[in-house]
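2 protein chains.
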Amino acid sequence: MSAIGIIATLRVQAGKEEEFEGVFAELAPAVRAGEPGNSYYRLFRTGEAGVYKVLECYDDEAATEAHRASDHFRTLGAKLGPCLAGAPEIERLTAV
Amino acid sequence: MSAIGIIATLRVQAGKEEEFEGVFAELAPAVRAGEPGNSYYRLFRTGEAGVYKVLECYDDEAATEAHRASDHFRTLGAKLGPCLAGAPEIERLTAV
Chain E
1 MSAIGIIATL RVQAGKEEEF EGVFAELAPA VRAGEPGNSY YRLFRTGEAG VYKVLECYDD
61 EAATEAHRAS DHFRTLGAKL GPCLAGAPEI ERLTAV
Chain L
1 MSAIGIIATL RVQAGKEEEF EGVFAELAPA VRAGEPGNSY YRLFRTGEAG VYKVLECYDD
61 EAATEAHRAS DHFRTLGAKL GPCLAGAPEI ERLTAV
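Heads up: the protein sequence lines correspond to chains E and L, in order.
The numbers in UniProt numbering rise by one with no breaks, and the one at position 64 of the first sequence is 64.
The numbers in UniProt numbering rise by one with no breaks, and the one at position 5 of the second sequence is 5.
Be careful, since some hints might not be right.
Note: identical chains are not told apart, hence a pair may lie in one copy or across any two.
To be verified - Dumping the calculated SDA-like pairs for lysine to any residue here, alpha-carbon to alpha-carbon at most 25 Å: (1) 16 - 61; (2) 16 - 37; (3) 16 - 91; (4) 79 - 6; (5) 16 - 95; (6) 16 - 3; (7) 16 - 36; (8) 79 - 68; (9) 79 - 19; (10) 16 - 94; (11) 79 - 95.
Calculated from the structure, these hints are not laboratory results.
Work out the full structure: start from the sequences and follow the hints.
The structure is reproduced here in structure tokens:
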């Protein structure tokens, strides 16, 4: 099975950027350290204010499910939600 | 200086996908092995036929310049060009 890439686009409410980045600073290392099926997970600012992209890669579908079901994602994800200005946009990719 | 992320979107001519992927199979390991300032470089198929995205990360601006100036990028990039249906779209990101 091919690895799965994800580009997650997150729009953060004005004034919530610092809080959002702070939660992510806890989440990203937890993902990398705690999910053996994750091979990449990094947060980036885009050229548009308040718009972020997370670049992610997982070994397979089960690894993406393990990510969503993880304690760290559920706990810290719940803290990210109130920072967002809308639902995340998720683009799924297939590694070549 | 923050690390630099890049999402490069490449549209490949119909029928040239196999040739394109073959060149990339040489290029990606050369980037990862030969560029100390590169920390990620991986090719993905998107949900749209013939459209690929490369997810990339570099330590700094100098590392992006070293990538573009590298022998492997210049040599293998020249082989990718004839496979493409248009100019690559490059989105630059800033690591948080």
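We went through each hint and held it up to the structure:
{"no.": "1", "hint": "16 - 61", "in the structure": "neither (32 Å within a copy, 28 Å between copies)"}
{"no.": "2", "hint": "16 - 37", "in the structure": "neither (31 Å within a copy, 32 Å between copies)"}
{"no.": "3", "hint": "16 - 91", "in the structure": "both (24 Å within a copy, 24 Å between copies)"}
{"no.": "4", "hint": "79 - 6", "in the structure": "within (21 Å within a copy, 27 Å between copies)"}
{"no.": "5", "hint": "16 - 95", "in the structure": "between (33 Å within a copy, 18 Å between copies)"}
{"no.": "6", "hint": "16 - 3", "in the structure": "between (33 Å within a copy, 22 Å between copies)"}
{"no.": "7", "hint": "16 - 36", "in the structure": "neither (31 Å within a copy, 35 Å between copies)"}
{"no.": "8", "hint": "79 - 68", "in the structure": "within (14 Å within a copy, 39 Å between copies)"}
{"no.": "9", "hint": "79 - 19", "in the structure": "within (9 Å within a copy, 45 Å between copies)"}
{"no.": "10", "hint": "16 - 94", "in the structure": "between (32 Å within a copy, 18 Å between copies)"}
{"no.": "11", "hint": "79 - 95", "in the structure": "between (30 Å within a copy, 21 Å between copies)"}
In terms of the numbered hints stated before, the structure departs from hints 1, 2 and 7, listed from lowest to highest.
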